[in-house]
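Work out the full structure: start from the sequences and follow the hints.
Which chain is which? The protein sequence lines are A and B, in order. 42 is the number that my numbering gives to position 42 of the first sequence; each next residue is one higher, with no gaps. 130 is the number that my numbering gives to position 23 of the second sequence; each next residue is one higher, with no gaps.
Since the hints were derived computationally from the structure, they do not count as laboratory data. Note that the structure is a prediction, hence the values are computed from the model and not measured. Check the hints yourself; a few may be wrong.
[As the list claims (entries may be wrong)] Here are the in silico distance ranges between beta carbons for each label pair:
1. A/Pro39 to B/Pro146: 45 to 51 Å
2. B/Glu147 to A/His90: 43 to 49 Å
3. A/Arg82 to B/Pro200: 21 to 27 Å
4. B/Asp196 to A/Ser7: 56 to 62 Å
5. A/Asp89 to B/Leu113: 33 to 39 Å
6. A/Arg104 to B/Asn134: 47 to 53 Å
7. B/Pro200 to A/Trp38: 19 to 25 Å
8. B/Arg189 to A/His59: 36 to 42 Å
9. B/Pro158 to A/Arg82: 36 to 42 Å
10. A/Lys54 to B/Asn184: 52 to 58 Å
11. A/Glu40 to B/Asn134: 32 to 38 Å
Note that the Cβ used here is the ideal one computed from N, Cα and C, for glycine as well.
Protein chains: 2
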Amino acid sequence: MASSDLSHPGVDDLEAGPVLLALADENRRRVIAELAVWPEEEGLCASFGLPVSKSSRTHHWRVLREAGLVYQRDAGNRLYMRLRKEDLDHRFPGLIEAVVTADRGTG
Amino acid sequence: MASSDLSHPGVDDLEAGPVLLALADENRRRVIAELAVWPEEEGLCASFGLPVSKSSRTHHWRVLREAGLVYQRDAGNRLYMRLRKEDLDHRFPGLIEAVVTADRGTG
Numbered sequence: 001m002a003s004s005d006l007s008h009p010g011v012d013d014l015e016a017g018p019v020l021l022a023l024a025d026e027n028r029r030r031v032i033a034e035l036a037v038w039p040e041e042e043g044l045c046a047s048f049g050l051p052v053s054k055s056s057r058t059h060h061w062r063v064l065r066e067a068g069l070v071y072q073r074d075a076g077n078r079l080y081m082r083l084r085k086e087d088l089d090h091r092f093p094g095l096i097e098a099v100v101t102a103d104r105g106t107g
Numbered sequence: 108m109a110s111s112d113l114s115h116p117g118v119d120d121l122e123a124g125p126v127l128l129a130l131a132d133e134n135r136r137r138v139i140a141e142l143a144v145w146p147e148e149e150g151l152c153a154s155f156g157l158p159v160s161k162s163s164r165t166h167h168w169r170v171l172r173e174a175g176l177v178y179q180r181d182a183g184n185r186l187y188m189r190l191r192k193e194d195l196d197h198r199f200p201g202l203i204e205a206v207v208t209a210d211r212g213t214g
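Encoded structure:
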């Protein structure tokens, strides 16, 4: 199996608490904002230039995945991520757009 | 002075991180959802029946106030709270509505 042991919550198991907690971190919001630009596309995890250590990045990917914000796919030695836009928009209408817009306003 | 030493961040100092962190807690979201029903009205802090200790409640009020989600007013021995709807809608368009809607979907 290509997607190995990366577990993802089902759409009905998405909860506002973990999603908001995941989004409270600036680096994780930055990743979500980048993914939200082309929500149909997968991003290579290594391509997000977060100013943190490798172990911190790994932690951030896990928080995003376990909250249900992203699908992660392990392709051998490359890890890809995609925003779960459809699931999120279904479960939390307007939330991702509002969060992405919030940070745009800050800059 | 009626409003004693309760400090509130200015509208330009509101940041997405603390706001989302404050909203990640279920009890605090419940308070925000109640205040959002009548955003022009003050709520008596004691009237929110949170299932937590008095010291936890006090902590929750402080987190909400310091993140800029509510205005708190100390009227002698009563403490009032009001949603900073206008400031929040200005700074984070659609966010509060999305968060309140998210929890409604859960129920």
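Hints, verified against the model:
{"no.": "1", "hint": "A/Pro39 to B/Pro146: 45 to 51 Å", "verdict": "31 Å, violated"}
{"no.": "2", "hint": "B/Glu147 to A/His90: 43 to 49 Å", "verdict": "32 Å, violated"}
{"no.": "3", "hint": "A/Arg82 to B/Pro200: 21 to 27 Å", "verdict": "26 Å, holds"}
{"no.": "4", "hint": "B/Asp196 to A/Ser7: 56 to 62 Å", "verdict": "37 Å, violated"}
{"no.": "5", "hint": "A/Asp89 to B/Leu113: 33 to 39 Å", "verdict": "37 Å, holds"}
{"no.": "6", "hint": "A/Arg104 to B/Asn134: 47 to 53 Å", "verdict": "30 Å, violated"}
{"no.": "7", "hint": "B/Pro200 to A/Trp38: 19 to 25 Å", "verdict": "22 Å, holds"}
{"no.": "8", "hint": "B/Arg189 to A/His59: 36 to 42 Å", "verdict": "37 Å, holds"}
{"no.": "9", "hint": "B/Pro158 to A/Arg82: 36 to 42 Å", "verdict": "38 Å, holds"}
{"no.": "10", "hint": "A/Lys54 to B/Asn184: 52 to 58 Å", "verdict": "53 Å, holds"}
{"no.": "11", "hint": "A/Glu40 to B/Asn134: 32 to 38 Å", "verdict": "37 Å, holds"}
Hint compliance for this structure: hints 1, 2, 4 and 6 are not met, and every other hint is.
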